[in-house]
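Undergrad: The lines below spell out each chain.
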Amino acid sequence: MGIRFILMVNKQGQTRLAQYYEWLTLEERRALEGEIVRKCLARTEQQCSFVEHRNYKIVYRRYASLFFLVGVDNDENELAILEFIHLLVETMDRHFGNVCELDIMFHLEKAHFMLEEMVMNGCIVETSKSNILSPIQLMEKMS
Amino acid sequence: MNPFSSGTRLRDMIRSIRACKTAAEERAVVRKECAAIRAAINENDQDYRHRNLAKLMFIHMLGYPTHFGQMECLKSIASAGFPEKRIGYLGLMLLLDERQEVLMLVTNSLKQDLNHTNQYIVGLALCALGNICSAEMARDLAPEVERLLQFRDPNIRKKAALCSIRIIKKVPDLAENFINPAAALLKEKHHGVLITGIQLVTDLCKVSTEALEFFRKPKCLDGLVKTLRDVVNSPYAPEYDIAGITDPFLHIRLLKLLRVLGQGDADASDCMNDILAQVATKTESNKNAGNAILYECVETIMSIEDNGGLRVLAINILGRFLSNRDNNIRYVALNMLMKAITVDAQAVQRHRATILECVKDLDASIRKRALELVYLLVNESNVKPLTKELIDYLEISDQEFKGDLTAKICSMVEKFSPDKIWYIDQMLKVLSEAGNFVKDEVWHALIVVISNASDLHGYTVRALYRAVQTSIEQESLVRVAIWCIGEYGDMLVNNGGVLNIEDPITVTESDAVDVVEIAIKHHSSDITTKAMAMVALLKLSSRFPSCSERIRDIIVQNKGSLVLELQQRSIEFNSIVEKHQNIRSTLVERMPVLDEATFSGRRAGSLPATVSTSSGTSLNLPNGVAKPAAAPLVDLLDLSSDDAPVPSSSGNDFLQDLLGVDVSPASVQPGTSQAPKAGTDVLLDLLSIGSPPVQNNSTPSDILSSSQDNKSSVAKLDGLSPTPSGGAASMIDLLDGFVPNSPKPEDNGPAYPSIVAFESSSLRLTFNFSKPPGNPQTTLIQATFTNLSPNVYTDFVFQAAVPKFLQLHLDPASGNTLPASGNGSITQTLRVTNSQHGKKPLVMRTRIAYKLNNRDVLEEGQINNFPRDL
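Residue numbers (the numbering used here), protein chains in the order written: chain R, 4 to 146; chain U, 3 to 872.
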């Protein structure tokens, strides 16, 4: 499996979405999040989007005030993960319409459902936005 | 109704958490919410279960414990409605993990849901199972998942495929059941099914050789190649298009799978050559998505079996990446070149200059990668220019990068240096630039090298003297400098051994002492540096008689030092300088050459290993005490430079070597002689140079043992000749703390009586014998020379000759000056191998030359009184 965790963090370093595909205790998560957020947020625009941390490689991308950080294995294709983050953001954009931090905070489950349709157990499930969103839209229609 | 359970809406909770200004406020809000949720759970409140779970997920994300909500997830999953199940499964994946026993309770619900008529519910169950399933669940539910791989809806098939990955990883035995269904998935058109099917096949091949063989067959492989070709050539597909490329993710997964199949299989590699060439040449490289595919393609080309043409193509792509302006692209290029170096080092070498530029990049990630790559590129032919570049860069690099950079420079200089002078030069540059980042073993190694380069002693000490003038704040430079000034101070002052490349400098004795004094007084110097400076001063006091008084003053200043180590050294050294002029010169003689092999062996084994080897040797040695005790000493002081077992009296040897004090019973009376007592402490000091301060713990007890309890310790020293084990034991006392469990002196009284091999009115030579274990032919002879005249002998040289059936090896002598009146001695170890062991006794001719009042004296003799069975 390639992806170990996906984090969404705001400019202040607060976690807004966290999905782990391997088990870490609560303390380990907090420590890990703190460390990588500090590392990534300190980097400038000109620096590359990859940071090595412990035995992970963090691929991150910034969208306005939101940072998307994806922890991957060392042999994962970093450029592809970068593209994946963009796909995730585009998918959320299509659903929420120009997604922002508050959309994700107040619709945390929905964000998780989308993620679930895209990644399972650290592997990519689906790359078509409409395929990802159709079950979610169906659900909304029903309720 | 419970006053809490009406609770707040999710939205309100999030608002109030967002409004918190401090962490404490947030904790308070969360505590209150958790209390309400717990109350609701206790009341089995079903109306708000959905909302409470959503809140718990939010709270969990913030990093607070939510274990009390786990059962709610299970209840929610067990309920009939889809929305409840959905939130329940989400909670299950977020709040639980496979290690919790609660999970066992969910197996049944999962099984039911996998067989549910509503395909969305099946999808939920598959997704949850794929994320959290344990080995037991995998066994229980594998048949359901297998069946779902053929489900009519592709959305279920794709999830079942990923679920299967988890199952075969948990229980690899199940892999064979999935080979056929997985092969069927590869023929699908739906991208989601295809990409998940490919991932399943990749993982199958990793866990099962049977699967690997199966998918390598042309039947499957050709299908995969065709799929890749179709994807590459597919017309515009808006749903999957990224920057003009159709589904780059699918491209990448396919290339990954081809890599797994092609690795180690020439035929399979052959099958994919064409399509890889097509991908490598046709893919647009002006967008990230295209580069991601190229990157993956290069990795596959590098991993599969050799095809020269493709590799050239791949290296060229990396070259293009390397000169790209986008940092991300350069990063992956460096990453890939690291892998390529094992395949084609020559091709990577061509990009050396560019890689070297990347070491100086502003971006820490790129710098780190590039440095690692440069390190891999170093060889004998390019070490000089590369080192120069890196050292130049060291000057201007970031503080946080200096550590990595120095470590790598030191390592490559050490590994590939063509000659010693270059090595010393480069190390001095590194030490002057970033001495504080240099690890201890690095400068230890430098000292060993310097010690071995006898023709460079003068050059080195002068270079160090110059360097330390400008870089006094670099601790390890200062340490090396004061060690060398202590040892070779005389060469610094009288310009000994000048090389023609040097600029001449004039250094007075007092200048040299200045350096040491500055080091001892500098605010940043730590205790090790100060202690080393103290020893250097003691040495200089003998080398520079004119500065003796000043040195004494500096030493005395530390008498009141709060650091025990320094205080003790100060008092002892002062006493040597003041009261023991006669032994001082012998005591502070230049260190014997340090043995490189021993040092590097030690270094490889580092400290814990040293302890273990020492306990190991103690088993082999008949009297394995002295050597183990000496082993963990700082390597610098390793005197027993050969690996041969040391004879029983080597404890004795040590003392005499270092101190030149005669500790034979004749001259030392317990409690009356100061010399051996001071001597033992000095020994301790000399031996503890560079040792971590922790070892101070042992020092007080040593002082006690040699002052209060001096009777017994001196008595032990006394007893050296008759019972060498006693001497050895007292060594252990002195070195207490080095050896965790001081090996008990074994029964190691000399098996052979000592003999007086030669005696004249002016000189006595005694031999002590020992046998290394397991080698009866070899005898170790410890020769001890004692001066019986009232005059000092200088330039003392001992030579020996043996008949052909014997082999003789002479180790370096402990010194070449023999103090007057039995006030010290020289020892030397001889190793004799008797090829006629048991038939012929040993026999030896000796020749002893020395100077007495500048007059040459020669004494010769033949030794026939060896014990018979040597």
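It should be emphasised that the hints constitute simulated quantities derived from the structure, not laboratory data.
Treat each hint with caution, since some may be false.
As the list claims (entries may be wrong) - Ranges of calculated distance between the beta carbons of each label pair, as one might list FRET restraints:
| hint | chain 1 | residue 1 | chain 2 | residue 2 | range |
| --- | --- | --- | --- | --- | --- |
| 1 | U | S383 | R | R57 | 53 to 59 Å |
| 2 | U | E359 | R | D76 | 26 to 32 Å |
| 3 | R | N101 | U | D328 | 24 to 30 Å |
| 4 | R | D76 | U | Q559 | 58 to 64 Å |
| 5 | R | L105 | U | D155 | 32 to 38 Å |
| 6 | U | T472 | R | N101 | 58 to 64 Å |
| 7 | R | T47 | U | E382 | 45 to 51 Å |
Predicted, not measured: the structure shown is a model, and the values here were computed from it.
Just so you know, even glycine gets a beta-carbon here, dropped at the ideal spot from N, CA and C.
Undergrad: Hint compliance check: list the failing hint numbers for this structure, sorted ascending.
TA: 1, 7
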